[in-house]
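Asker: As a plain string of letters, each chain reads:
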Amino acid sequence: MTAVTNNITARLGSLGASPRDFADPSDRESYAVDGFVPSAVVKPATAEEAAEIVRFALKEKLALVPVGSRTKLSIGATPVRYDIALDMSAMNQIAHHDPADLTVSVGAGMPLAKLNATLLEHNQFLPLLVPYYSQATIGGTVVSGIDSPLRQAYGTARDFLLGAEFIDGTGAIVKSGGRVVKNVTGYDLHKLLIGSLGTLGVITRLNFRTFPAPLAPRGFLASFSTHEAALKARRKIAESPLSPLTLDVINPRAARIFAERTPITPEPSVFAGEAHATADSSLPLPGEWFHPRDWQLCAAFAGVPEVLDRYSRDLTRAAEQSGAISITTLDDATRPSIWGRLREALALFRESSPFAAILKLNVLPSGHAQAVTILEAVGDSAKLPPALIARASGILYVALLPNSAEDFSPENVALMTQEMISLSHRLEGRASLLFAPPTIKRLLESTLNSHPHADLALMRRVKSAFDPQNIFAPGRLFSNPL
Amino acid sequence: MTQVFIRELQKLLGPSSVLDLPEDVLLYEYDGSVEKGRPDIVAFPRSTADVSRTVALAVQHQMPIVGRGAGTGLSGGALASRGGLIIAFTRMNRILDLDIENQRAVVQPGVVNMDLTRAVEHAGLYFAPDPSSQKSCTIGGNVAENAGGPHTLAYGVTTNHVTALELVLPDGQIVRVGNKQGDSFLYDLPGLLVGSEGTLALITEITVKLSRKAEAVRTLLAIFDTIDDASETVADITARGITPAACEMLDGWTLRTVEDYIHAGFPLDSAAVLLIEVEGITEAVVAQAAAIDEICRIHNAREVRVARDDKERDLLWKGRKNAFGALGRIAAGIYVLDGVIPRSKLPQTLRRIKEIGDQFGFRIGNIFHAGDGNLHPIVLYDPRDTEQFERALKASAEIIRHCVEVGGSLSGEHGIGMEKSELMPLLFSDADFALMRRVHDVMNPTCSLNPGKVFPLNKGCGETRIRPQVPQAMAQT
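Going line by line, the protein sequences match chains R and A.
Just add 155 to wherever you are in the first sequence, counting from 1, and you've got our numbering.
Just add 302 to wherever you are in the second sequence, counting from 1, and you've got our numbering.
Honestly, I wouldn't trust all of these hints.
Calculated from the model, a selection of chain A residues having no Cβ within reach of chain R, i.e. all distances over 10 Å [to be verified]: (1) Gln305; (2) Tyr332; (3) Thr392; (4) Phe487; (5) Thr545; (6) Arg604; (7) Ile632; (8) Glu689; (9) Glu700; (10) Arg740.
One side only, chain R facing chain A, incomplete, derived with CB under 8 Å [what the hints assert, rightly or not]: (11) Arg236; (12) Asn278; (13) Gln279; (14) Asn517; (15) Ala524; (16) Val617; (17) Ala620.
What the hints contain is simulated information worked out from the structure, not anything from laboratory work.
Note that beta-carbon positions come from the ideal geometry of N, C-alpha and C, so glycine has one too.
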């Protein structure tokens, strides 16, 4: 293996004259995916360099995985081959920012927090407040397909990604879309890159529409003794004239994790009028806000004083009418510790158990009460009581958090995943696996893959158009080799 | 060959569902664009199964296939540029499912945009994309062209409201992509299909999001003595982070023509007006309207009027949405262009359009979605005059070139179709086309679906491209 490694590294080193940065061989471990360690790590500084490496991989028939900060690299199926990690962190420049047009064009390796800090100087931001926020790169965020609690107001990346430049599977630098907020010019190939897990190309640049930073944001928390009551309040709010920034319900187990754990990094200062948070300022434990026995509705809103008053009033009324047992409106001092936890929920879940497995169900809101009832019941009998987040936009995050490896018996995992799959089918949605330890992942994959969907064949065709030689992250999207 | 195909098609769909007489198919030779293309046959399927069988049969007979909704498109997307078969979705116009609680609807492609809103407005919901043609255009057409409209500034274009599709591929295979909720599972195939202008698959069923009607609306009419002041106002509203629901501009010459016809109350002596709408909860609307009023006055607005009631508001919008029709009254032909620029480049671009108009000898009107930088310069010309028509096309290309030069794009909402395929190289390289072509070919390998659209000559299907640019009226003279 070492010989092969040296061989690839040596041959990569002989490419062109442009300077390259090869990670220390011992660092390669940190680029591993599900136990697969790449033979080489390369850090291109330009699109041309990235294209050159792709062409090298093509010639040598090597499998290549583009990586960012590696916080979400484990999302996706177990790879079948993984020779070169293409570390995009050196492509971290803002290529173009037109503040008056509210558009920005950035290198894929740009850290999200750094980008938002720059945008904030113009009172703008990108509403991608995703888990592992302080490390996450913009490219990794997009290809992982991860969402943000702010989707309630701003939608997901597909709603504000305007265009992209990337290297396709022939080694060509290509682009799609543009830099303007409205565009019907050619195929929207950049939309396919969202959630593609590096299987379609190496993203070098992304163009976004930015948004005005919300004015004076506030938080709202209401506790309920049953999920039906919490979801009823959520529905009342969703059907009201209000348009909150976030609208999530969490279950008692999630509330307990929020109460007991502090995110590694605090809420960034993405909002106007807020002092820039420093990396080492740790947040107080919000035990008094999160109640480990309650179902809690978490909302955020922003605006001028009259608007804030109206939200407080209407949210309180909706919660009271649904049987809330306690209601809190959060001011600027306490809000960050709440929001930070909601943003980092998936990270906190993973930290709470070394065996954490997190799945995502997209199921329309009307199905949530039924889904939650079933998940809680089956979770109990499978000894895998889940932590749950139920977004009003129709997303259910289900975190299975066993205390020991024994609890994750194949029977229990199968029971739980079968239930989720049949739930998602019944409710016209889909179930997908985000994070899991490698052994559990293989177990879950075999269950998830036993329910193939008809559009997979079409996706394979799209993959072959982008990547005819299957060099990009083979196996990561579809568990079986293409 | 064609006769055999027609007979088989009649057997499949019934004789009343197939048109092939020259006088019948002639009606399908036009759409809303300046292009032209006559089909040999027009078929009217009633179901997905009909479409699937029709497509399979047509491919077997090597017939080009073009999907068509109401034919209101402005780039020639629904024209049979190479003859062949038009599949008209007129009879597939049923709303299949309304899910009020989850704010979703499932519709057939022939459902008229406005009819969906009418079907759900009792529940306080509506379908957000609102092209000017919304009273007649179909949702299938909206999906094919990724249609926009004035209110897409705040609510997004068609693609932002589509969560799932049912497709018919050229081999007749029926595939469902996406899901009712909308987050893509693996690849975002609906995202690829919306706006692909009928070149990848025919769409037979669409799941859309329904939006909730705002509690309060305020419509402002800001009146300016110079176009520069109006465009600076738009740039400033954007730069200050205010997102109105709509922000439309009409220049003085255009609004006088419109006023003459609609009597919307536009001031006849102004150089430009902005029609700005803010929506939301009452408290937010009051604050936003006040902020916009202030910005307008900073930029020398002569007057800022607020529509007093729904009647006044509807009248103002009637003036905007019927503007193209109003212009059609004073010229033999109107050519509505569609380009996009960064919003910060609005003032300089409007000056450049004026220059181009002077250079080519046209009076070019401007009535457009200023808030998202989506221009609609309007060239009035006489289609009977070949020289003038060619000159109009040249002026158009010059304007689009300028849009690209300042960082913009070829089309904001009308699509590329036949109209702009030759301008595509302004934005895309050979490598870009090669990838688009590979994606095209894995979906539509035989080039059966909408050949001659989107891709420029030599980059798309086949080597030759008929340019039916000589208008019918002129051909007869």
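Asker: Report the numbers of all earlier hints that the structure fails to satisfy, in ascending order.
Answerer: Hints 4, 5, 10, 11, 15 contradicted; others consistent.
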